[in-house]
Amino acid sequence: MTTLAGNLDYVATVLLFVIGVWTLVSDPNLIKKVMGLNIMETAVFAFIVTSGVLEPPSPIPHALVLTGIVVAVSTTAVALALLLRVHREFGTLDLDELRDLW
Amino acid sequence: MSLVFDVVLLVLLLLTALAVARTRNLAGAAILFSAYSLILCVLWLHRGAPDVALTEAAVGAGVTTFLFLVVIARTSP
Amino acid sequence: MNRPLAAAFATGLAIPLVAAMAALPRHGSPDQPIHTHVAAQYHAWPHELGNLVTAVLLDYRGMDTFGEVVVIFAALMVVLVLRHREEPMPSPDPSPIVAFIVRLVTPFIALFGFHVILVGHEAPGGGLQGAAILGGLVLLNGVVFGPDHVRSLLPGRALPWLQGAGPLAFLAAGVVGAVTTGFALGYPTHLPLLQEAMVVGIEFGIGIGGALIFSRIYLAMEGA
Numbered sequence: 001m002t003t004l005a006g007n008l009d010y011v012a013t014v015l016l017f018v019i020g021v022w023t024l025v026s027d028p029n030l031i032k033k034v035m036g037l038n039i040m041e042t043a044v045f046a047f048i049v050t051s052g053v054l055e056p057p058s059p060i061p062h063a064l065v066l067t068g069i070v071v072a073v074s075t076t077a078v079a080l081a082l083l084l085r086v087h088r089e090f091g092t093l094d095l096d097e098l099r100d101l102w
Numbered sequence: 103m104s105l106v107f108d109v110v111l112l113v114l115l116l117l118t119a120l121a122v123a124r125t126r127n128l129a130g131a132a133i134l135f136s137a138y139s140l141i142l143c144v145l146w147l148h149r150g151a152p153d154v155a156l157t158e159a160a161v162g163a164g165v166t167t168f169l170f171l172v173v174i175a176r177t178s179p
Numbered sequence: 180m181n182r183p184l185a186a187a188f189a190t191g192l193a194i195p196l197v198a199a200m201a202a203l204p205r206h207g208s209p210d211q212p213i214h215t216h217v218a219a220q221y222h223a224w225p226h227e228l229g230n231l232v233t234a235v236l237l238d239y240r241g242m243d244t245f246g247e248v249v250v251i252f253a254a255l256m257v258v259l260v261l262r263h264r265e266e267p268m269p270s271p272d273p274s275p276i277v278a279f280i281v282r283l284v285t286p287f288i289a290l291f292g293f294h295v296i297l298v299g300h301e302a303p304g305g306g307l308q309g310a311a312i313l314g315g316l317v318l319l320n321g322v323v324f325g326p327d328h329v330r331s332l333l334p335g336r337a338l339p340w341l342q343g344a345g346p347l348a349f350l351a352a353g354v355v356g357a358v359t360t361g362f363a364l365g366y367p368t369h370l371p372l373l374q375e376a377m378v379v380g381i382e383f384g385i386g387i388g389g390a391l392i393f394s395r396i397y398l399a400m401e402g403a
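Heads up: the sequence lines are chains A, B and C, in that order. With the numbering used here, letter number 31 in the first sequence gets 31, and the count goes up by one each step, no holes. Take the position in the second sequence, starting the count at 1, then add 102; the result is the number in the numbering used here. Take the position in the third sequence, starting the count at 1, then add 179; the result is the number in the numbering used here.
Just chain A, same shape as in the assembly:
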């Protein structure tokens, strides 16, 4: 059990993750929600790479993060394609208006 002050890097990545969750949950625009999802994913990558820093440098966490980045961009592409269809069907991308139009 170590102190919080020695692990400030991890605290920063966790705060980044919480900022992403907050964007995803609270902003009514669907595009901002996808941006929040991206911020969450990059925060997790930051945590993995930061926890993988070692004195003889070990590149194994970097391989995991590379696969993660490609999966993140695939998820973003599919989400944006779905957004385009939603906009075509309903004419708006605001969640409050969509809730009335559904």
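Mixed in with the good hints there might be a few duds.
Unchecked claim - Computed, partial: chain C to chain B, Cβ under 7 Å:
no., residue
1, His-206
2, Val-232
3, Pro-303
If you are wondering where the hints come from, they were derived from the structure by calculation, not from laboratory data. Heads up, the beta-carbon is just placed ideally off N, CA and C, and yes, glycines get one too.
Starting from the structure of chain A, add chains B and C where the hints point.
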């Protein structure tokens, strides 16, 4: 010295993420997201991860930002 | 979701996560959870490639990389299912500065992208990085000059086959590996030239396939 650089990078990262979260203008949020991705790329280099930095710069500032801009251009009236 | 509830949820999520960060080993110490399980074995095994990241991605975790190229191909399938004919936007009128710079810089970026793909087994680089660079280049041209100009940059008839180049390269390498060694994606260490050819072939497949998949996703989103 590298500790100061580390703290500056992390603070900039948090500020840019907050700016992306709070901006109402969508195109501005997309450009801020590209800036966030580039600061993250510098953080990867500081952590000694050149492969991840190359991928993050190309994907975050290249592919993801352009896809956001295309969708924003198509869906704004 | 209304703002106070979202703020309370975010705070309620932050507190246990930040408290959990205090329980992790100190930053930089070797008993982090990420170093104590499989990573030690990967360091102990011999590998001929100069870049350990590529060795992990293609050799020890080759099946995971195969799954990843299938994931990105499946994303292309979903985007193609969701597309619809869209009336073309008025063709963009880029300012002469932007048009000149993009036209000047495109060949150099393309050269760098191919260099990154080819040098991936020795130095930082590889298939994924090259795919992102080349895909980003095509998207840059599309955003500046319009999707019709982009279509002239892409191969015409061979495009559907080249998009599947990632999974196809893995399948070919799997068959070659199964024939020479006994395993499905095994690299024959007794034939170093064939091993290097397999690695470069897979890198090229991932690189070209991934770049064309990104370009096709962009064209589908523009409604073309």
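Evaluated hints:
1. Here the hint on His-206 of chain C is broken, as its CB sits about 10 Å from the closest CB of chain B, past 7 Å.
2. At a threshold of 7 Å, the smallest CB-CB gap from Val-232 of chain C to chain B is about 5 Å, leaving the interface hint in force.
3. For Pro-303 of chain C, the interface hint holds, since its Cβ comes within 7 Å of a Cβ in chain B; the closest pair sits about 4 Å apart.
When the structure is compared with the earlier hints, a violation turns up for hint 1 alone.
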